[in-house]
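Asks: In case you want the letters, here they are:
There are 2 protein chains.
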Amino acid sequence: MEKGQLIEQLDKFFKAGSVAVIGASSKPKKIGYEILRNLSQYDYKGRVYPINPKADKILNLKCYTSIQDVPDEIDLVVIAVSSVYTPQILEECGQKSVRACVIVSGGFKELGKEHAKIEEETLEIAKKYGIRIIGPNCIGIFDSETKIDTFFQSHDRMLRPQAGPVAFITQSGTFGATMLEWIAESELGISKFVSYGNRSDVDEADLIRYLNVDHDTKVITIYLESVGNGRKLVDAAKEALHTKPIVVLKSGRTELGSKSALSHTGQLAGSYAVCEGVFKQTGLIMAENLEELFDMTKALATQPIARGNRVAMVTNGAGPCVMAVDECVKRKIGLSEFKEETVKKLKSVLPSYCIVGNPVDLTGSATAHEYELTMEILLKDSNVDLLMPFFVFQDTPLDEKILDIIPEFQKYGKPIVCCASGGAYTKKQSKILEKKGVPVYPIPERAVAAAYSLIRYGKVLETKDQK
Amino acid sequence: MEKGQLIEQLDKFFKAGSVAVIGASSKPKKIGYEILRNLSQYDYKGRVYPINPKADKILNLKCYTSIQDVPDEIDLVVIAVSSVYTPQILEECGQKSVRACVIVSGGFKELGKEHAKIEEETLEIAKKYGIRIIGPNCIGIFDSETKIDTFFQSHDRMLRPQAGPVAFITQSGTFGATMLEWIAESELGISKFVSYGNRSDVDEADLIRYLNVDHDTKVITIYLESVGNGRKLVDAAKEALHTKPIVVLKSGRTELGSKSALSHTGQLAGSYAVCEGVFKQTGLIMAENLEELFDMTKALATQPIARGNRVAMVTNGAGPCVMAVDECVKRKIGLSEFKEETVKKLKSVLPSYCIVGNPVDLTGSATAHEYELTMEILLKDSNVDLLMPFFVFQDTPLDEKILDIIPEFQKYGKPIVCCASGGAYTKKQSKILEKKGVPVYPIPERAVAAAYSLIRYGKVLETKDQK
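Sequences listed follow chains A and B, in order. Each residue of the first sequence is one higher than the last, beginning at 250 in the numbering used here. Each residue of the second sequence is one higher than the last, beginning at 250 in the numbering used here.
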């Protein structure tokens, strides 16, 4: 498909000027009610039409018996009725010239043969009319600009993120909800979000191609259970990787897990080893679990890439660094060997009880000033590709000037990835740093994973540049 | 050493009626000031004596030039002065009949040969007088009953946990601070805490033997960089494991990591593979990182052991279950094969769109009542050893009755380990469940690790019973 056509098709979803909710319910807490509420009572500015033959008005909006009765053009239809009705609804949509449809309902191929037929039938009708489908069996889409929001999760239970650089596309609506909230709480921000469940039509490849030309998207993050069209996915990814990192979490790694995927989104997961091999070779960055997917995304969205794999660490409590070093070895990340000059300078400015190695251990007596001195020297060392400051914010000698100092060092253009573990005070300090654009992680392994993603994408770009 | 003697010696630390702080400072934020403040201005009820030849009063407490001038018996001395003074101070302590000493200061064997000598010298004097030492290069001790608290971390930066079942002993003060806070925030509660840094004298084995007879301690949790006396540790652990699970996180797994441990707490870490093998054979439960150490501790402290390795899952959003199944396979945890009767009952009570397998997928339409029906049936199935409910709290159909229902099912005596990922609302719901004794984890892998610890300790006990 031509890119222009694809963009036009998918814009119908994200830039919909009018939306019909089929299966709009008058009962709070019902899925069809909550979708209508989220679309009509919050920030989405388009026209919203509830379709329900049994109600006159819901949430003060006039109801229509069928989509064909709506006296307006409909850009997007959201379906939340039993799967048996969908073929007929798609037929009506087609006749009404609707070209975009999110099917939230389950009851399709994830339930086995009989229901797979309904999905096929639905898809055939969609193709006949040129309707693109997201879903079924999903929570649909969100766009931080147009505020289109097809979720059935209420605002008091699920946060919506502000606008930002991350696009997240996911087979699991549940992981989608979680990532949306983590992205909201970290103030990272999202560009576009798609939960596509059974992936009957619009797939990862379509979405990657679309996001590749989306100016708001800086990082593409994906949760996959199964791969639809592998070749198409790899081609789309290859193209996008020139300008945007892609981070992937893939489940269904074992036979049993794959079986679970089958009854979740209707497809066996396939061999993880094969998939992982191809993805890695293509340049996708693989995460091991949902936290790591988020952690890597946060680093890639906020920090420059690393121009090499040599990490320098500085800390006021070396325990976590021991584990970080172990993890670096595991991930084949090197520790910088500091230049002679660097060591000399560090020794001359730091108190004698500090341990000048890599990590540089400033000990529990460390002040913000000592961090400042150390970081400046380390960032100027050309053997340092990435800096990892560790903080024990609980240690009272460490003054709060540290929160101004760290973000300023971003001017050196080298990635900075922090680690700080603890309770309320530590979380507050970490949040302040993150607001200033420096990512902070709660355990060393997660910080190292984030560093890895910056090193890995640096390497991917380097290889592409050489081609 | 006789157990009675050991208990008497270590009681001097945790049940100290009087404490002297050597190196008490009059300057806020200095380590010697903060220790004095935490001991004298909060909940510790014993007598506190600052030792500082240059000050008259600090924090309204009369200062003494030397410990020998204090007109009282001293149970415990906390040292926060430069390492070069410690041999002399220990000599004075000995003459004053002090028998317990926490050395917070660094500057000993972690700095290499010259400084190792000071540590040896200090230890020799201690032995001459029968003084037991915790440290040096540590943050010392905390007891939730007597409120003895040798930390230099202020209360506004580091939470202190309430009384509870967990004892945590750690070579890293930083990890100590973090675990204290996580335990405080989860309201799990701590019995005794020891950060022992360079482990010049009191070691893990001493502490395990002591904690084994401590009625307040239900779970012993350990962070280790190096192993002191391996034989002694294994013997102590073997004895304790009859009544208390022991969870261990060991760092210094790689050559580079081991080198970092050397400059952190003064000892090479040794071979991780050997250590891991011996520990596992002994019955210790090994954690991979600090979050997992906490996660396993939380499960072991709140849930009964599993009598087998067959897990049942129930969810209102199956994405996380796919990853949980993958992780179960990785950890050799089985999925329950439900009895015919169980499947029949589930199908008869649940709506037709629910997927009755393992996991039981109630879908996004699930209510608390459907969870209730399902959990009751699953817990009555003798093929189910452990129940894992997954929640998408964001899904609006799920009513808050769920928070009453889940904890009630603990009456069946089978372990329940929950998973729920998300933002503020999800964390609030999770916290309510945890207050009622049911642990909740933010990603499937962490929930499965927790389940693993309950299965593993069940197996350890079974093996010990057979002997």
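Quick caveat, the hints were computed from the structure, so don't treat them as lab data. This one's a predicted model, so the numbers in the text were calculated from it and none came from an experiment. Any given hint might turn out to be false.
Given that identical chains are not distinguished, each listed pair holds provided it fits within a single copy or across any two copies.
[Stated by the list, open to error] Keeping only pairs whose Cα atoms sit at most 27 Å apart, straight-line, the calculated DSS-like set for lysine-lysine is:
1) LYS493 / LYS596
2) LYS685 / LYS376
3) LYS596 / LYS629
4) LYS278 / LYS596
5) LYS713 / LYS493
6) LYS594 / LYS508
7) LYS311 / LYS264
8) LYS660 / LYS594
9) LYS396 / LYS676
10) LYS377 / LYS264
11) LYS650 / LYS264
12) LYS345 / LYS581
Asks: Going back to the hint list, which numbers does this structure go against?
Replies: Failing hints, ascending: 1, 2, 11, 12.
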